[in-house]
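Using the sequences and the hints, build the whole thing.
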Amino acid sequence: MNALIITSLEQGLIFAILAMGVFLTYKILDIADLSVEGTFPLGAFIFAKFIAMGLSPIMSTLIAFCFGALAGLLTSTLFTKLRIKPLLAGILTMTILYSANLKVNGRANIPLFSYGSIFDHGIATKLGSSIALLIAIVLLIKIVLDLFLKTESGYLLIATGDNESLVRSLGENSDKYKVMGLMMANGLVALSGALMAQYQGFADITMGSSIIVVALASIIIGDTIRKSSNRIRGTTRAILGAVIYRLIGGIAIDLGLEPSDLKAISAIIVIIFISYNNFAGDIFGFKNGKGRESYAENKESIEEF
Amino acid sequence: MLKIRNLSKSFNKDMDNEIEVFNRFNLDIEANRCTAIIGPNGCGKSTLLNIIGGNIQEDEGQIVLKNKDISNLREEKRAIHMGRVYQDPSMGVSPSLTILENMSLADKKGERFTLRRLIKKRNMDRYIDLLKDLDLGLEDKLDTKVQFLSGGQRQSLSLIMAAMKYPDLLLLDEHTAALDPKTSNVVMKKTKELIEKYSITTIMISHNMRDAIAYSDRIIMLDRGQIILDRPSKDVTEEELITIYRTKLDEAIA
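First to last, the protein sequences are chains A and B. Just so we're aligned, residue 0 is where the first sequence starts under numbering that gives the first Met the number 0, counting upward by one. Just so we're aligned, residue 0 is where the second sequence starts under numbering that gives the first Met the number 0, counting upward by one.
It is worth saying that the hints were derived from the structure and are not from the lab. Don't be surprised by glycine CBs; every beta carbon is placed ideally from N, CA and C. Careful: at least some of the hints might be erroneous.
Rough simulated footprint, nothing fancy, chain A against chain B, three-plus residues with beta-carbon under 8 angstroms [to be verified]: (1) 85-96; (2) 115-127; (3) 226-233.
Once the Cα atoms are required to be at most 16 angstroms apart in a straight line, the calculated EDC-like pairs of lysine to aspartate or glutamate come out as [what the hints assert, rightly or not]: (4) A:K175 x B:D27; (5) B:K108 x A:E151; (6) B:K67 x B:D27.
On the chain B side, residues computed to face chain A include the following (Cβ under 7 angstroms) [as the list claims (entries may be wrong)]: (7) F10; (8) E74; (9) E75; (10) A78; (11) I79; (12) G109.
Here is the structure:
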């Protein structure tokens, strides 16, 4: 049981990076970006490529981030410049990445046991365990993201997801912020993929399938934690959500669930938490989502006639 | 101040359902005055405002603001010189951000957005003063998310955000039409106070004749892309406007 909890925690922390990336697109920009299904394995395959070329695990992981950001650039270009709907743009990038991922190393599965990983790097041994290293990475990313979201550009990113016409009225091109958000998000997803490949010891083409559900499940679970509190930041919620999600999954397997059933369970978790959120909204009168309330037309001038 | 020259605009151009809104339309707006544009639905007043604001591209013609031809500037470039308040109370604000965050964003309008912190304590007093002028108690709610404000409060905040950087031109796009009559009056009064205090050149479109007369200096009535009335507001009566309005409506129905 103890080993299971540790494994779940470690995987949860890796998924926390994925969840923070998807938080940027899904929660902040209000875009359902499906390209992460391709960027997650992309991160793993790019890592495999560069580690096999002899680069250090840290460098290879950072390069994976950069390639993920490029994938985000592709998706955002599709919908800002070519005006393809974001959902379709994401699916198209995901499809392109499927072929691209197979091309990177020429194979669908690459074992990485013979190469180094950041988990056996000096930093990890100094920190004592993989968990400590993962916590450090996750916290670093969280702090950087939180700081960024407090900057002038960061607030414009939030405003872009909230109300694009406000961003344009401030003299800024809202497309710029969509590109920025998508690049950061997909970079983080690829980074998460690269870490997962190092953690499990192989990169596999199927590791991205339905990863968006994992990310959404994490975000939605995170959102239910002290729902009405403004004090908990979105990044914190994403991290906690990812860890809780993974723990639930771990316990389910421990209780005898087939690992192959986990995908269905993930989807069911998403359904349960979303419906819980909706019901809680009905019962306690919480405000859901972004506040665009309806308003009554002023009929006075019409009545005058 | 604002000159519109030979403006032409048609929707669905070269198609069976082509609608010509403007054909060689000209208009001059004087500085530091509030001009109200009224007219029945489809008269072109919203299109005109959208063309000035850059949301809709004109087919031909020039828009000259302060002796500068802005016809070819993109919406966000024009926006630097203009403030705009929309009919929809959520259009001018970012609902998931607080009042303070919204005002801080509006305060950066036209400047470069960098990686510096947005919220600066030293600006707070100025924001509080601006909010106090509204007399809605918003100065005590700086950390409240805008989504929890009423429509009237949001519109008043939008107004301040649009005006706080002293734009060359303020466009009011039926900005009280979505509010109840009482709130609408309050917002209109605040609007007048604000544009007089800062002497902002304003174009206001409205369906409400009484408001148009009471709060503007000049009334222009449009019908099918033509100016059919252009007079100082003090020289027109509500009855007169309604009579013209009715005739035009009847014509349109016939």
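Outcome of the hint check:
{"no.": "1", "hint": "85-96", "in the structure": "holds (count 11)"}
{"no.": "2", "hint": "115-127", "in the structure": "holds (count 4)"}
{"no.": "3", "hint": "226-233", "in the structure": "violated (count 0)"}
{"no.": "4", "hint": "A:K175 x B:D27", "in the structure": "violated (35 angstroms)"}
{"no.": "5", "hint": "B:K108 x A:E151", "in the structure": "holds (11 angstroms)"}
{"no.": "6", "hint": "B:K67 x B:D27", "in the structure": "holds (14 angstroms)"}
{"no.": "7", "hint": "F10", "in the structure": "violated (19 angstroms)"}
{"no.": "8", "hint": "E74", "in the structure": "holds (5 angstroms)"}
{"no.": "9", "hint": "E75", "in the structure": "holds (4 angstroms)"}
{"no.": "10", "hint": "A78", "in the structure": "holds (5 angstroms)"}
{"no.": "11", "hint": "I79", "in the structure": "holds (4 angstroms)"}
{"no.": "12", "hint": "G109", "in the structure": "holds (5 angstroms)"}
In summary, the structure is inconsistent with hints 3, 4, 7 from the numbered list given earlier, while agreeing with the others.
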